[in-house]
Structure formats: C-alpha cells, structure tokens
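*Asks:* This is what each chain is made of:
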Amino acid sequence: MTTVSMTVNGKEVSGDVEDRTLLVQFIREHLTLTGTHVGCDTSQCGACTIHVNGVSVKSCTMLAVQADGADIKTIESVAKADGTLHPMQAAFQENHGLQCGYCTPGMVMSALDIVRRIPDVDADQVRHELEGNLCRCTGYENIVKSIVAGAKAMQAEG
Amino acid sequence: MYEFKYSKASSVDDAVEKLKASDDGKFIAGGMTLIPTLKQRLASPSDVIDLAGAENLAGISTDGSTVTIGAMTHHADVATSDDVQKAIPALAVLASGIGDPAVRHRGTIGGSIANSDPAADYPAGVLGLNATVVTNEREIAADDFFTDLFETALNEEEIITAVRFPIPDCAGYIKFPNPASGYAIVGVMVAKFGNDVRVAVTGAGASAFRVPEMEAALAANFSADAVADISISADDLNTDIHASAEYRAHLVTVMAKRAVALA
Numbered sequence: 001m002t003t004v005s006m007t008v009n010g011k012e013v014s015g016d017v018e019d020r021t022l023l024v025q026f027i028r029e030h031l032t033l034t035g036t037h038v039g040c041d042t043s044q045c046g047a048c049t050i051h052v053n054g055v056s057v058k059s060c061t062m063l064a065v066q067a068d069g070a071d072i073k074t075i076e077s078v079a080k081a082d083g084t085l086h087p088m089q090a091a092f093q094e095n096h097g098l099q100c101g102y103c104t105p106g107m108v109m110s111a112l113d114i115v116r117r118i119p120d121v122d123a124d125q126v127r128h129e130l131e132g133n134l135c136r137c138t139g140y141e142n143i144v145k146s147i148v149a150g151a152k153a154m155q156a157e158g
Numbered sequence: 001m002y003e004f005k006y007s008k009a010s011s012v013d014d015a016v017e018k019l020k021a022s023d024d025g026k027f028i029a030g031g032m033t034l035i036p037t038l039k040q041r042l043a044s045p046s047d048v049i050d051l052a053g054a055e056n057l058a059g060i061s062t063d064g065s066t067v068t069i070g071a072m073t074h075h076a077d078v079a080t081s082d083d084v085q086k087a088i089p090a091l092a093v094l095a096s097g098i099g100d101p102a103v104r105h106r107g108t109i110g111g112s113i114a115n116s117d118p119a120a121d122y123p124a125g126v127l128g129l130n131a132t133v134v135t136n137e138r139e140i141a142a143d144d145f146f147t148d149l150f151e152t153a154l155n156e157e158e159i160i161t162a163v164r165f166p167i168p169d170c171a172g173y174i175k176f177p178n179p180a181s182g183y184a185i186v187g188v189m190v191a192k193f194g195n196d197v198r199v200a201v202t203g204a205g206a207s208a209f210r211v212p213e214m215e216a217a218l219a220a221n222f223s224a225d226a227v228a229d230i231s232i233s234a235d236d237l238n239t240d241i242h243a244s245a246e247y248r249a250h251l252v253t254v255m256a257k258r259a260v261a262l263a
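Protein chains in written order, with the working numbering: chain S, 1 to 158; chain Y, 1 to 263.
Same shape as in the complex, but just chain Y (with noise of 0.2 Å):
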C-alpha cells in the first residue's frame, strides 16, 4: 500500500468536510474492494476517510410498503434481519451469498453500490428492485444509479446514506457464482410490483442492466417458460477467462428462468 492519512469521520456532514480538505481523499465503507484494492497499489488516496463512525447510517427499518437499508449496513445484517427475511426474501437471499461470511461482517451496501462493480450482486437487487439510491445532496432512482463500469451517479462528495426498497408482491435473486471467488459471472433479480415486472441483471455487462423483453414477457405471463425462448445479443457483454460474452448472454436466460422460478 501506498501511504494515505486515515481519519475516522463522525457524521456525514464531516466526512465531506475531510473529503474537501484532502487533496485526494477517498472513503472506505467496509473496507472489502478498497483495501484490496490499495494493496495491489490500483489507488493512491492521500487520505482515507472512514464512515464506520458516522451517525445514522447503518440500521434496517420497514414501513409496511418499503424496507430502507441505512448504508453502512453489513451484508450478514440485512441476510439475518426479520424484516428483509419476512418483506423481501430474495433480498436476504441475495446478501446470504455475497463472499463468505467474514466479508460479510465487514461489507456494506453502500460500499457495494458506490463501487458498481460488474460483478456485485447488489446491484441487480437494487436495479431489479427499483430501490431509490438516498444520499446526502437527493434521492436518486436505481435506473439513473448504475452508468458504467464501476461508475454510478455519485458526485465526487456524494455519500449514499440509505437504500430505500419498495416490497414487491414476489422477487427472486439467483447466480451463477464464479466457484473460487463467489462473484457472480452473471446474476438475475426478478420482481414482480402488480402488472409490472422489472428484471435485472449483473455480472454479464459493465454494470448492472434491465432486459425490457423479459419484463414485456413476464408481465403478460409470470412463469419460468415466459423468458425461455428470450436470449439476449452478446454484443457488449463482458469476456474474460472465466466466461465468454456469448456463454453470459446465454447464463442470463438460464439465471432468469431461475429467479422467475423462485419468486
């Protein structure tokens, strides 16, 4: 790691606060992407400002038609929590299986969605889900959230404070993990809001998409056979040495039909 000066931040407020006085300060949330990240020497902060400490910004609370995640929430929270467990099963199913157990008592939500990355389960749950983003400075809809590449929405003193889920009548998350590292090479979130049915994806492209055929198809008929025949080009889907774009063009049809299965 390079050197950086690390602070703890005590509220939102003054995180932005450290964040303006540094020359180049980044934020750690649970620290999961970031540290690896610093000891491969891919990011060079001046400082590191932590939000462990920070007021207000980790808790699970409902209201009956929507369950709001606070940021800092680790994933093994909203796995274990009654109200995620009882309003959004496939939500805690999907925070049930981000990397193991210790990673999951240290990463958070709001960590997972800043960083967008392609290969995140988060995002397909906050894209597929229809959350709204909440920060500091607005509130901003999961379609506008996810632009590119580990690139969000976020400005540069942005900090996301909470994610705000409205409770489907049914959702399903599934994923085809990659065996050693447990990131999905491609994972679908289906959720179904009365006629509308929202479907997203992670893991196949740069960052989290929606496949509007699906969603056509499953509104007319919610069944597994209703997205069968649907596939997707592979044009613009990743490739690496685990997955060719055409094999994650075909995983999305499959996981699809799964968590269609689920929900």
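Excised from the complex, chain S in its bound form (with noise of 0.2 Å):
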C-alpha cells in the first residue's frame, strides 16, 4: 500500500492505496464522490472526466498514485455550497441536455474545459472538442446547446 495525498475539491486529502489503484477508484471507493462515473473503463466514453491541475482528464485512465500532490476537482465542486447550480450545470437543466444523466457529470467537466481553453465556443468546436465523449441517450443536440449556452452565461457572469 501506498499513501496518497492530494487536494480534492478544495480539501486535502490521503488515503492508503494500492499502485494499481485508478484514481477514478480513488475518488469513488476512498472518498465517495461518486458523483464521478465509470462508464467504458477503456478511456473512450469521457463519463470520469475530472479536472486535475486544471486540465480534463479521464481518471479511469489515471493512477492514483499519479496524482500524488496534484489539484483535483470532481462534479462535485462544480455547483455552490448552497446547491446553487453553477451557469453551465443551469444551461444542461434549461436545455434538456440529458436523459439518463450518466454521462452529465463527464460532459459537465468537459464543457467547463472547453471553455476554459476557447471561451467563446460556438456549436461547431463543441462538436469537434466532445469527441472524448459519448452520451447514448440524446444525440448531442441538447448537450451542444447547453454548453453553448452555458459558454454564454459565464461569460455574461464574468
């Protein structure tokens, strides 16, 4: 076993682990944030998408003891302590951008990403940067919308 720290959402963090532990695992079993899911296990489907030093990553494709030391955010940092939803989380609820909600999470931290790397995304770029993930229910229509305008809103909020 190995001991693990690094800061979760804000918080520090360890945890005994073993080295073959993904840090999807981790976040899951450890800590039980599940917010975060485990969809293909194969790096394709994008639903364990987190943010580790501030940058998407697929965390099924990650050690945990990789992530020794780094800055990790889940979904579950997205919204406000209150429940508030933040403006991207309230543009997937104002345009149905989902139906079974499984791959939401991953979409979210996607989305979240992509407009941290192009902040006026328009509807075409979200198609192309979506590619690392797959939602079986909704075709992408609502999902692109959301994130455009949710792209839209925080700008708006600054």
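Read the hints as simulated data drawn from the structure, not as lab findings. Here a beta-carbon is modelled for each residue, glycine too, at the ideal position from N, C-alpha and C. Hints are all accurate, no fakes.
Cross-link-like lysine-lysine pairs, in silico, BS3-like; alpha carbons within 30 Å at most: (1) Y/8 to S/11; (2) Y/18 to Y/8; (3) Y/39 to S/73.
If we take Cβ atoms under 8 Å as the criterion, some of the chain Y residues that face chain S in the derived model are: (4) 31; (5) 32; (6) 100.
Only part of the chain Y face toward chain S is listed, based on derived beta-carbon distances under 7 Å: (7) 1; (8) 5; (9) 101; (10) 102.
Take the two lone chains and join them into the complex the hints point to.
*Replies:* As structure tokens, then:
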C-alpha cells in the first residue's frame, strides 16, 4: 500500500491505496465522491472526466499514485455549497442536455474545460471538442446547445 | 490489473537506476497506452517507473532551423504552441488530432513514439519531418527509429529525452481516422526541404514507413497531381475489421494527395 495525498475540491485528502488503484476508484470508493462515473473503463466515453491541475483528464486512465500532490476537481465542486447550480449546470437543465444523466458529470467537466480553452465557443467547436465524451441517449443536439448557452452565461457572469 | 510497484523517477538517470533494480520494470510517460494495456492484463510489469516528475523532459524550444520538443511534452501543448504553429503548422495539426482533449492533456510525444503503435499519428510526423530522436544514450535518425510493430531502435534502458524537428519549407499532415477511436487507418505526412521531399505513412503497415516513389515524384513536381497515379502495393499492409490491406493501399494515395494540398 502507498499513501497518497492530494487536494480534492479544495480539501486536503489522503488515503492508502494499492499502486494499481485507478484515480477514479480512489475518488469513488475511498472518498465516496460518486458523482464521477465509470462508463466504459477504456478511456473512450468520458463519463469519468475530472480536472487534474486545471485540465480535463479521464480518471479511469490515471493511477491514484500518479495524482499524488495534484489539485483535483470533480463534479461535486461545480455547484455552490448552497446547491445553486453553476451556469453550465443550469444550462444543461434549461436546455434538456441530459436524459438518463449517466454521462452528464463528464459532459459538464469537459464543457468547463472547453470554455477554459475557448471562452466564446460555438456549436461546431463544441461538437469537435466533445469527441471524447459519449452520450447514448440525447443524440448530442441538446448537449451542444447546453454547452454553448453555458459558455455564454459564464461570459456574462464574468 | 496485475499488481506492480509504482515509483516516481526524479531524473532520467534515476529512472534508469530504478529500471535496473527492478525484475521487469516499465517506464510510464502519459500512460494513455500503458494503463489500458495493464487494465487488459496484456502486460504485467513488476515495476512501473513514472517519468512525469523527471526534470528537463518537457517543453518546446526553437532556434530558427529546428523545433525541439521534450519527450514528456503533452499533445495539447504541442498543438497550442506558438513556436510549433509558426514553424511547423502540420505538426500542430497532427498533435491536435490525437485522441480527444482529455487524452491530449496526458499523452506525450515520447511515450507515443516509444510505443511505435502502427496507427499512432506521431510516427508519421517524426519520419516525414526527418526528426532526430534524442535519448539519454545517443541520437537516432527517424529513418532508423521505427523498426517494426510496436518495436523501435531503443535499447532496454534507453529513454527518449527529446525529439528535434528540422523546420521544413512546408509540410502537410492528414489522416483517415477510425471514426470511433480516432486512430489513423492511414495517415500521411508530406514535408518539403529544399529539393528533397519526404512522404511518411502511418496506420498502413507494421510501423511507419516512407514512400520513395512519391518522394521522387514530388521532388520533381510538388503538387497533388504528381502522386495521384502512384499506388503502393498492398502486400504486407495491415488488414483488420476496419480496413483491408487493399483499401489501406488506396488510402495512402488519397491521403498523400490531400497532405500535399495542405502543405
């Protein structure tokens, strides 16, 4: 067992893990932050997308030990503590950007990374940038609308 | 995954020491291939030695005639680098098309070429641009680097530290991607250096290879028409559920024409 320490959603956490423990297992099973999902477990679907040191990463394809000392943000950090949704989450709600919701945490985390890189992102860019996130329900149309609307709302908020 | 012991290397020398001390150790760079391989139990190293913290392995520099990319530089950083976009835009295009954004935040150029995946993008870039692979032991010309399916000229304890690309007059890269994985079914890098032209193909064979007939034709007439009638033999090309060897041979010509048009 190896002891890993990292900052998750602004809190210092540590735990003893096997070296082969995936970061997503550490997040879900050790920290019980189950908002981060495991869809395919083969780095295709993006349901496990989180932010590591400020950039999007598929947490099923990173070892917990590799994240030792890292700054991690999961979907649980996105809404305000009082439950007020982040503009991107609100945009998903308003635009019906989800059906079953399984892919949504990864979609929102990827969306925030897209806006970080392309603040005024348009629909074509969103479609291209979402190539690492799969949704089996929506056909993507409303997800794309949600992300464009969420990006606008984030810009309006400054 | 089978069990293994993980350690972080502080430097290239430290990584080599750790590998020597292990029974059957493996280096990990970005892990975008190694971790899925471990998960499928297709590899069972005793030790996994992480190069992510090793000093002086990441970063991009240019001196006017070459662009040098540190082995641990992520694809996203190559894709968005001003230096790369200005000096070798085709290389930025290549990096921006690898995997997806999250994969590009983790995957590295050194890890990609050390793996010599037949469908990876970087081998065509390294070979087509006549890059030099710099290791802790020596410098290896691109022509000598990719030797076979998942095989390179690297020795057991050799670590890529950087890849040095000469800046071409112009270059173009395009792939016909597998729509699900994004891997190249066929990808072609064409680069012009004065009177010399290089054409390198990934995805089609066991490892990246050059097409001398196309290079000669393009040296005489650098236009898409010059390669339109040149087809390569399907013998020894890859066949899988996505594309037959004959289809890949056809795509080499199509992608070469498009790469020239982009250059």
